[in-house]
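*Asks:* Construct the entire structure; sequences and hints are all you get.
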Amino acid sequence: MSPRDDIPVLRGEDGEGSVQVHQDETMKIEGAKVFSIYGKGGIGKSTTSSNLSAAFSMLGKRVLQIGCDPKHDSTFTLTGHLQSTVIDVLKEVDFHPEELRPEDFMVEGFNGVMCVEAGGPPAGTGCGGYVVGQTVKLLKQHHMLEDTDVVIFDVLGDVVCGGFAAPLQHADRAVIVTANDFDSIYAMNRIIAAVQAKSKNYNVRLAGCIANRSEDTDQVDKYCKRVGFERIAHMPLVDAIRRSRLMKKTLFEMPDDEDIVQCRAEYLRLAELLWAGTEPLAPHPLPDREIFELLGFD
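According to this note's numbering, the sequence shown holds residues 16 to 313 in order.
Calculated from the structure, these hints are not laboratory results. Possibly wrong hints are sitting among the right ones.
[Unchecked claim] When the alpha-carbon atoms are kept at most 25 Å apart in a straight line, the in silico PhoX-like pairs for lysine-lysine are as follows:
no., residue 1, residue 2
1, K263, K76
2, K43, K155
3, K264, K215
4, K43, K215
5, K76, K43
6, K106, K155
7, K152, K43
8, K86, K106
[To be verified] What follows is a set of in silico ranges between Cβ atoms, one per label pair, in the way DEER data are often shown:
no., residue 1, residue 2, range
9, C176, R284, 29 to 37 Å
10, C176, R116, 30 to 38 Å
11, E118, D233, 43 to 51 Å
Fair warning: this is a prediction, and the values are worked out from it, not measured in the lab. Glycine is no exception: its CB is placed at the ideal position from the N, C-alpha and C atoms.
*Replies:* Here it is as structure tokens:
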């Protein structure tokens, strides 16, 4: 069996008839393990990504986090401030990247994590995929990916178009942040379909999901069992996580309260798991009617 034989056949896959532009082979990220973090809008992807980046750095890994949201706050807790976006600095030099220096678009954050905010096009005028492509191109031109062990893409909201699925062209594994509620799991179901579509033409595979801001995981686990997916971490509803964002810090910079120490340990365990390598998962996303029947309404 070839490694692609177990990928479910989906309608609207990234293949014949796709309007997406396929990745230039020269833009392939080599030498680093690349993860894309997805999930419903507001589910805590940036907080998850930043704490995961911090955890990787605590394991001695050289980490680069790329925020892919026009809000450009992905790396806020790593750096303590909002930084300029790649698109903003490219505009300043009339899109002549050779005029930029790495410090113009990259900031060093907590424990040496390198931080980049791709930004996004003005509302209604462009595609997020273009922005991601320009960011990776700029990083390659400045040789900023050559001394990196881990790259984390923190991606805007639900995946419903090829543009915001663009980081999947670079990723080895996709991780979905969800919560123990219908809307989050519904979004996860759609993201799974997007990753499976990209898996037809790229190396990306699903690593699993993180149950975030959830006391229980019964609904997440019920869905995973049904479709053949896995929950690989659980972050409970801990107020310290909310406070850390208000204080512009990762959990690794917060006081050693019991709940904070437990959350740090879970992030470190997840980082170790992802670094060691996860089995590629090929779940079968559910049609809308079936997911409604499985989980119903909250």
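*Asks:* The structure should be examined with respect to each hint, and the outcome stated for every one.
*Replies:* Results of checking the hints against the structure:
About 22 Å separates the Cα atoms of K263 and K76, which keeps this hinted pair within 25 Å; it holds. Our distance criterion of 25 Å between C-alpha atoms is met by K43 and K155, whose separation comes to about 9 Å. For the hint linking K264 to K215, the alpha-carbon distance of about 38 Å lies beyond 25 Å, and the restraint is violated. Of the pairs offered as hints, the one joining K43 and K215 holds, with about 17 Å between alpha carbons and a cut-off of 25 Å not exceeded.
Proximity of K76 to K43 is assessed by CA-CA distance (about 20 Å); at most 25 Å being required, the pair is judged to hold. Proposed proximity of K106 and K155 is supported: the alpha carbons are some 19 Å apart, at most 25 Å. Distance hint between K152 and K43 is fulfilled; the C-alpha atoms sit about 9 Å from each other, no more than 25 Å. Between K86 and K106 the CA atoms are separated by roughly 17 Å; this keeps the pair inside 25 Å, and the hint holds.
In this structure, C176 and R284 meet the distance hint of 29 to 37 Å, their C-beta atoms being roughly 33 Å apart. The hinted range of 30 to 38 Å is satisfied by C176 and R116, whose Cβ atoms lie roughly 33 Å apart. For E118 paired with D233, a C-beta distance near 48 Å keeps the hint of 43 to 51 Å intact.
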